[in-house]
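Protein chains in written order, with the working numbering: chain A, 1 to 236; chain B, 1 to 411; chain C, 1 to 255.
If you are wondering where the hints come from, they were derived from the structure by calculation, not from laboratory data.
What you are looking at is a predicted structure, and each value in this text was computed from that prediction instead of being measured.
Mixed in with the good hints there might be a few duds.
As the list claims (entries may be wrong) - EDC-like, lysine to aspartate or glutamate: derived pairs with alpha carbons at most 20 angstroms apart: (1) B/Lys139 - B/Glu61; (2) A/Lys121 - C/Asp11; (3) C/Lys147 - A/Asp95; (4) C/Lys16 - A/Asp86; (5) C/Lys6 - A/Asp95; (6) B/Lys235 - B/Glu259.
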Amino acid sequence: MIETRHLNKRFGRLQALDKISVHCQSSQSIALIGPNGCGKTTLIKSVLGMVVPDSGDILFKEKSIKKDYTYRNHIGYMPQIGRYPDNMTIGQVLDMIINIRSYQGTLDEDLVREFGIEQMKNKRMRTLSGGTRQKVSACLAFIFNPDVLILDEPTAGLDPIASEILKEKIIAEKQNGKLILITSHLLSELDDMITQIIFMQEGRLVFHKNITELHAETGENRISKAIAQILKKQKA
Amino acid sequence: MRTLLCLTLMLSFVSTTPAKTIRVGETEIFKTITSALKKASDGDTILVFGGFYKEGNIIIEKSISLIGIDMPVIDGDKKVEILSIHADYVTLKGFKIQRSGHASIGDPAGVKVYDSKHVRILDNYFYDNFFSIYIQRSKHCIVKNNRVVSLGVDEQEIGNGIHCWKSDSLLIIGNYLSGNRDGIYFEFVTHSVIWRNISENNTRYGLHFMFSHNDSYFTNIFRNNGAGVAVMYTKHVTMMNNTFIENWGDAAYGLLLKEISDSYIYNNRFINNTSAIFLDGANRIIVEKNLFKSNGWGMKIQANGMDNVITKNNFIRNTFDISTNGSLVLSTFDENYWDRYEGYDLNKDQIGDVPYRPLSLFSVIVETNPPAMLLYRSFMVSLLDKSERILPSLTPDNFIDNIPLMRPLPL
Amino acid sequence: MIRIIKFVILDIIKNKIVLAYTLLLAIFAWSAFSLEDTSAKGVLSLLNIILLIVPLVSVLFTTIYIYNSAEFVELLTSQPIKRNKIWISLFIGLSGSMAIAFFLGAGVPLFIYTEPSLSLIMVSIGMLISLVFVSLAFLSASITRDKAKGIGMSIMLWLYFALLFDALVLFLLFQLSDYPIEKMMIGITATSPIDLARILILLHLDVSAMMGYTGAIFKKFFGSAEGMVIAFFLLTLWVAIPYYISLRIFKRKDL
């Protein structure tokens, strides 16, 4: 569904993406992991068209996204830090996005309901806590029922209950046959949600493996342990 | 004594044959003006009825009245001088005189008056002549209510509307002049009056004075001429109640004064001229109670004059009120109203408490560097002007109105 | 796109700064016309507003607004919307608000107090100048991510066009006073939108002075129908080119 071909991106001296080629299919739930500054967010933003790669190409449903923007109709994006116009209320932001997208299908308001967004509708964005912002971002990512969900550190800042609600939602959507891309530092959280792992380091793709494959290789059941083992092996 | 008077009266009556009236027209005995003139003697009246008369040069050598009825046309066929007057007490009235010869030698005219006295030219329409009315070495002549229209394109190919040379005591009244080289031209003409004329769209000057002393012109309108009115090499001229309007152009002035002295400019209106008055070598001129409004320059004063008095005038909405080319000022500028004046009047005597300096720094800059005009009204220039007003350093410091008025004078 | 423009304009109205600007212009214009006994002086006050205040407010407000709406822009770029559309919506919203603010604040009293030909030219020039400086603000805001730098650049642009440029021209005039530079000066003024605007208005205000001497050359150029069209075209270029460059930068920008 999403394929990147030899993506390169430099920010000054930093090589944020170094010939990244990955291929993601629908019904997959992929974890993008790696140390800080390894290029995860840059990769995600490239797929979203927010960062323009220096070279390489990105295909969405076998079509290049250069000079195309309609493909974003099929993507729900939840940013790491949701930034919204300060003096708009939650309700206005939701309305505005819904309004601008001119979406025809039925809205998926599960999260809106479960997070209790309705009750906070008139709060201005500048008054919100980081967690509440994340809730708004999550709602916006899921509300249009997209084929692809890109979630950048989705549970960071969320309280345990909200976090659990979101996880449930992610698993449910995975079962609906959607492609889900998640970045997270909390490897322990990922266990139930994902089917594949993309590991990046210093802008390069270290590996892209099936989770069962990984378990078989390392003999570990937990993702965090498996990764730790692989890293140890690399060093050795 | 009384009998003597009676006798002389009777004698004079007897000696002159009674004046007769001769009629000229298609249905009259005389078909041409020339033939009628031959028959006429001094004191006669020739009535010319409406029609078209093309008789070459018509010479009038008798003191007669030549009067047109229903505007007869006398045509010069672009070859000749149409009427030549060589006699005193001639009256010419009610003709359309058109198409005189055009030549650079001899200056052919519609009507030319040679060395005569008491000639009157009234109510005629001059159309497309080289010179229209030409008066030379004559005295006590009247030119009144004529319409003088020429089709002036080029200065060289057209003469003046009313051209007076070496004459004295002329009256030029109520004429309309358009499309000539100069509307009215005076050279060596003295003791004459120009009154209530309208002179517009002439290619050079609306009115032009050369070496003509002791003359006056009142209540005339000079509009949109090549260069307004020029008074040159002249003394004792009185200019009153005239309107100088829209004399626009590269070297255009409302009133150009060159080498002139002891003259009086009173109660005139200067509106929308590029330069309202240009004084070059002007001495002892009094400029009083005039209105200067919406001109490019109110007065341009060259530094080669002295003892001019500029007082009780209104300066309103001129781009520059005053400009000069030098630093020496020997004229006074007291008691005028300047709409740019920003001073105050604490004792309420209608006189500003701080003197006004009508010469702006920028006008000095433009005088030496004309393209700087492009920067006019820019913030830079306003800043320069403001600072110069507060601390004069470049503009001559005796260029000053010590009694600036707070309100415009009722003119 | 119309929806985005609507959001931008609603946001600007909520912001209240543009409303205050409109009110300020109105107070200034009405008092200028009613305090002075002749409308000519009021026109001159308004001329200074057009040449100084309007550019400053336009360029500063726009720059700050663009930086403050970075989040909004970022939010929109992740949505299925063309980047062109986001940028042009922002531009139309901002330039529209500034132009309307000028029209309501200064235009209405101008139309009431001055003759139609003069008010028409002053209003259209005032609105065009607003657009030019909105466009310049887009340029400086797109060049740098740093808000302080961007605002600094905008202020420098304003300072340059409002003050320094004229000083440079004056300096040049004196240096080259021995040469026939009148025609060259026409070319030079075309490189400053404020000077273009000023000369266009000057030709209406100081016709008499402009008819004489070198003024005639400028009059012949700017006063003719073609000259007017060219001058307005140049002003339009001053709107279009900075905006176009900023759009190019924005399209390649990483958010």
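These are the hints, each one checked on the structure:
With a CA separation close to 16 angstroms, the supplied pair B/Lys139 and B/Glu61 stays within the 20 angstroms bound. Annotation: proposed proximity of A/Lys121 to C/Asp11 holds, straight-line Cα distance about 18 angstroms (limit 20 angstroms). Using a Cα cut-off of 20 angstroms, the hinted pair C/Lys147 and A/Asp95 is violated, with the two alpha carbons roughly 29 angstroms apart. For the suggested pair C/Lys16 and A/Asp86, the alpha carbons sit about 15 angstroms apart, so the restraint of at most 20 angstroms is met.
A hinted pair counts as satisfied when its Cα atoms are at most 20 angstroms apart, and C/Lys6 with A/Asp95 qualifies at roughly 13 angstroms. In summary, the hint linking B/Lys235 to B/Glu259 is supported, as the alpha carbons are separated by about 9 angstroms, within the 20 angstroms threshold.
Going through the hint list in order, the structure does not satisfy hint 3, though it satisfies all others.
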